[in-house]
Amino acid sequence: MSYIPEKIYNKNIARFIGVLIGLVAWILIALNYPQDLVPLPHEALLLTWQIIENGRIWEHLVPTVWRTVWGFLGAMVLGITVGIIMGVSFRGQNITLPYIIIGLSIPGVAWAAIWTIIFGFTHLTPIVTVLVVCFPYIAMNFWKGVENIQLDLVKMAKTFDVTNKNILQHIIIPNTAPAAFTSARFGLSISWKVVAVAEMFSANYGIGVMIIRSFELFRYTETWAWALIFVVIILFIENGIFKPLENKLFKYREETDISRI
Amino acid sequence: MNKNNQNTIKNQSQESAGIKVDSLTKKYKTEEGSETVFENLSFNIDSGDFVTLIGRSGSGKSTTLNIISQILEPTSGTVEFVDAEGKKKETTLGHVFQEPHLLPWKTARENIEFVHKNNPNYSDEIAENVLDMVGLADHYDKYPSKLSGGQNQRVGIARALSVDPDVLLMDEPFSSLDEITAEEMRGEMGRLHMDLGKTVFFVTHDLAEAVQLSDRILMLGDGHIYDDIKVPFDRPRNMGSDEIGEFNAEVVRRFNDL
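Chains as they are written, first to last, in our numbering: chain B, 1 to 261; chain R, 1 to 258.
Keep in mind that the hints were calculated from the coordinates and are not lab data. There's no promise every hint is true.
[To be verified] Far from chain B by the CB rule (all over 10 Å, computed), these chain R residues: (1) SER23; (2) LYS27; (3) ASN44; (4) SER57; (5) GLU73; (6) THR75; (7) THR181; (8) ALA182; (9) ASP206; (10) PRO232; (11) ARG253.
[Stated by the list, open to error] Subject to a maximum C-alpha distance of 25 Å in a straight line, what follows is the list of computed DSS-like cross-link-like pairs (lysine-lysine): (12) B:LYS158 with R:LYS29; (13) R:LYS142 with B:LYS243; (14) R:LYS146 with B:LYS155; (15) B:LYS158 with R:LYS20; (16) B:LYS165 with R:LYS106; (17) B:LYS248 with R:LYS146; (18) B:LYS11 with R:LYS146; (19) B:LYS158 with R:LYS88; (20) R:LYS146 with B:LYS251; (21) B:LYS158 with R:LYS89; (22) R:LYS27 with B:LYS155; (23) B:LYS248 with R:LYS142; (24) B:LYS144 with R:LYS106; (25) R:LYS20 with R:LYS230; (26) R:LYS106 with B:LYS158; (27) B:LYS155 with R:LYS142; (28) B:LYS248 with R:LYS106; (29) B:LYS11 with B:LYS243; (30) B:LYS243 with R:LYS106; (31) B:LYS155 with R:LYS29; (32) R:LYS142 with R:LYS106; (33) B:LYS251 with R:LYS142; (34) R:LYS117 with B:LYS251; (35) R:LYS117 with B:LYS155; (36) B:LYS251 with R:LYS106; (37) B:LYS158 with R:LYS27; (38) R:LYS117 with B:LYS158; (39) R:LYS117 with R:LYS106; (40) B:LYS165 with R:LYS117.
Using N, Cα and C, we set each Cβ at its ideal position, and we do this for glycine too.
Can you build the whole structure from these sequences, using the hints too?
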């Protein structure tokens, strides 16, 4: 039995409440710190809007997006390949698992430093940093997805003489799609965080550069404003790309709200 | 179930095949050597008969069915499908499993279409006919998550019927359903058998289910068929009648004879 009023289940109201809680928390923190350090939400948002309006955003956003996309795609290809190897063979699992554990245990900032030493101030540094930091997470996720392939469905298809091509297309791929989707969602959100760190080390342009530069110049409101751009982008990716795609691809799934059980 | 199913049984041939199982042996390799599931198992099933193989857990019922359905290779022995004259026959098999094994990302109709991917003559009408037959006329485009356990098993039966099988192989198809739904499904299965006349090889551990559905009951235990009982009642069977009750008790007694 649920004690939460029925209305709260309205998605828009729930989202509004979520945003409201965040804003209230931000305001409370801002009021307890010097305003130079933590601006109020409207001040940071106003400055974000100015950055967008005067066009400064593009010279930094474009390289950041470019580096993120390439690093993320590389991580997806490598992560899914390694995930498949781990899922289908114990030998493959034993060979690759140590690299996954090493990858998961080294912090992104350390990778950024290592690749800056190797590649210097080039696009390669943030791209490779994103790839190396993200791929272990994607591989782990996809590994579990491959392990969970419903072999009973494959056996069923075999008894009806369904070809291997159709088994791959209609059972294996849809069965691993949720894992691939979660990997993509997870990988992309990590990519944004990692690319900013890598840019702080190795780039002259990019949102990460602007965040660290404004911080070093004690323009903290600007630091918040550039950070908010990441939030806007992630919200766009989540609600503009992932959510609609998820609703389309996984419409067969039953939505479950555990609090209502 | 669709009460007008007599009008909806289309495209199902009345042909079926018999099964000749000869000296079937199955052994599994173990660390100590090998373990025999059964040895020299032989029986015949006439075309159009509903035959149930019954036995305790681990007796080799499902192994026998899997060998007949060509999922497993026997260690030795043969399985042949024959026509009414006893001549060897190319046979289409329809499988119904303990769980429905439906693809959750496909609707009822698409699940049936899936097993016809190599069939150039497939049309939506085939799926609709068999779904009508099992009483799912209003559920063509529903996903398994939107159907009940019994309805999902009906889709599984419809999928098996959609290939117009000569022999229907059923591995404890009602064991995962609640008793009320299972009882309803047994009634439907009996009616489908009467309407379609398909040969059915059915595996269960439920004696009453075997009596309700079968023409013959084969009892498997200790690696061999130790009893072969003909069920002398017309269908549909009233399981509450004294006559069937007594017969049921006799079957239980003979089952425990091993």
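Consistency of the hints with the structure:
Once the 10 Å rule is applied to beta carbons, SER23 (chain R) is consistent with being away from chain B; the minimum gap is 24 Å. At roughly 22 Å from the closest C-beta of chain B, the C-beta of LYS27 (chain R) stays outside 10 Å, upholding its exclusion from the interface. Residue-level check passed: ASN44 (chain R) sits 23 Å from the nearest beta carbon of chain B, beyond 10 Å. With a least CB separation of 19 Å from chain B, SER57 (chain R) remains clear of the 10 Å interface cut-off, as annotated.
The non-interface label for GLU73 (chain R) is consistent with chain B: the shortest C-beta to C-beta separation is roughly 14 Å, beyond 10 Å. Once the 10 Å rule is applied to beta carbons, THR75 (chain R) is consistent with being away from chain B; the minimum gap is 21 Å. With a cut of 10 Å on Cβ distances, THR181 (chain R) stays outside the contact zone with chain B, its closest approach being about 20 Å. Look at ALA182 (chain R): its CB is around 20 Å from the nearest CB on chain B, clear of 10 Å, so calling it non-interface holds up.
The claim that ASP206 (chain R) is not at the interface with chain B holds, since no C-beta of that chain comes within 10 Å of its own (minimum 22 Å). Every CB of chain B lies more than 10 Å from the CB of PRO232 (chain R), the least distance being 33 Å, so the non-interface label holds. Distance check on ARG253 (chain R): its Cβ is at least 36 Å (rounded) from any Cβ of chain B, clearing the 10 Å threshold; non-interface status holds. With a C-alpha separation of about 24 Å, the suggested pair LYS158 (chain B) and LYS29 (chain R) falls inside the 25 Å cut-off, and the hint holds.
A C-alpha spacing of about 22 Å is found between LYS142 (chain R) and LYS243 (chain B), which places the hinted pair at or below 25 Å, so the restraint holds. Restraint check for LYS146 (chain R) and LYS155 (chain B): the C-alpha separation of about 24 Å stays at or below 25 Å, so the hint holds. For a cut-off of 25 Å, the pair hint linking LYS158 (chain B) to LYS20 (chain R) stands: about 23 Å separates their Cα positions. A distance of roughly 17 Å separates the Cα atoms of LYS165 (chain B) and LYS106 (chain R); the hinted pair therefore holds under the 25 Å criterion.
Pair hint LYS248 (chain B) plus LYS146 (chain R) holds up; C-alpha atoms about 17 Å apart against a cutoff of 25 Å. The suggested pairing of LYS11 (chain B) with LYS146 (chain R) holds, with an alpha-carbon distance near 22 Å, which does not exceed 25 Å. A C-alpha spacing of about 23 Å is found between LYS158 (chain B) and LYS88 (chain R), which places the hinted pair at or below 25 Å, so the restraint holds. For the given pair, LYS146 (chain R) sits about 11 Å from LYS251 (chain B) by alpha-carbon distance, which is consistent with the 25 Å threshold.
Of the pairs offered as hints, the one joining LYS158 (chain B) and LYS89 (chain R) holds, with about 21 Å between alpha carbons and a cut-off of 25 Å not exceeded. A threshold of 25 Å between alpha carbons decides the hint, and for LYS27 (chain R) with LYS155 (chain B) the separation of about 21 Å falls inside it, so the pair holds. Proximity of LYS248 (chain B) to LYS142 (chain R) is assessed by CA-CA distance (about 15 Å); at most 25 Å being required, the pair is judged to hold. Only pairs whose Cα atoms come within 25 Å are accepted, and LYS144 (chain B) paired with LYS106 (chain R) is accepted, the gap being roughly 23 Å.
The hinted pair formed by LYS20 (chain R) and LYS230 (chain R) meets the criterion: a straight-line CA distance of about 18 Å does not exceed 25 Å. Proposed proximity of LYS106 (chain R) and LYS158 (chain B) is supported: the alpha carbons are some 18 Å apart, at most 25 Å. A hinted pair counts as satisfied when its Cα atoms are at most 25 Å apart, and LYS155 (chain B) with LYS142 (chain R) qualifies at roughly 23 Å. A hinted pair counts as satisfied when its Cα atoms are at most 25 Å apart, and LYS248 (chain B) with LYS106 (chain R) qualifies at roughly 13 Å.
A threshold of 25 Å between alpha carbons decides the hint, and for LYS11 (chain B) with LYS243 (chain B) the separation of about 13 Å falls inside it, so the pair holds. Distance restraint check for LYS243 (chain B) and LYS106 (chain R): the Cα-Cα separation of roughly 20 Å lies within the 25 Å cut-off, and the hinted pair is therefore satisfied. The hinted pair formed by LYS155 (chain B) and LYS29 (chain R) meets the criterion: a straight-line CA distance of about 22 Å does not exceed 25 Å. Pair hint LYS142 (chain R) plus LYS106 (chain R) holds up; C-alpha atoms about 8 Å apart against a cutoff of 25 Å.
A hinted pair counts as satisfied when its Cα atoms are at most 25 Å apart, and LYS251 (chain B) with LYS142 (chain R) qualifies at roughly 11 Å. Straight-line distance between C-alpha atoms of LYS117 (chain R) and LYS251 (chain B) comes to about 23 Å, which keeps the hinted pair within the 25 Å bound. Of the pairs offered as hints, the one joining LYS117 (chain R) and LYS155 (chain B) holds, with about 16 Å between alpha carbons and a cut-off of 25 Å not exceeded. Under the criterion of a C-alpha separation no larger than 25 Å, the hint pairing LYS251 (chain B) with LYS106 (chain R) is consistent with the structure, at around 10 Å.
With a CA separation close to 23 Å, the supplied pair LYS158 (chain B) and LYS27 (chain R) stays within the 25 Å bound. Restraint check: the Cα-Cα separation between LYS117 (chain R) and LYS158 (chain B) comes to about 12 Å, which is no more than 25 Å; the hinted pair holds. Proposed proximity of LYS117 (chain R) and LYS106 (chain R) is supported: the alpha carbons are some 14 Å apart, at most 25 Å. Restraint check for LYS165 (chain B) and LYS117 (chain R): the C-alpha separation of about 10 Å stays at or below 25 Å, so the hint holds.
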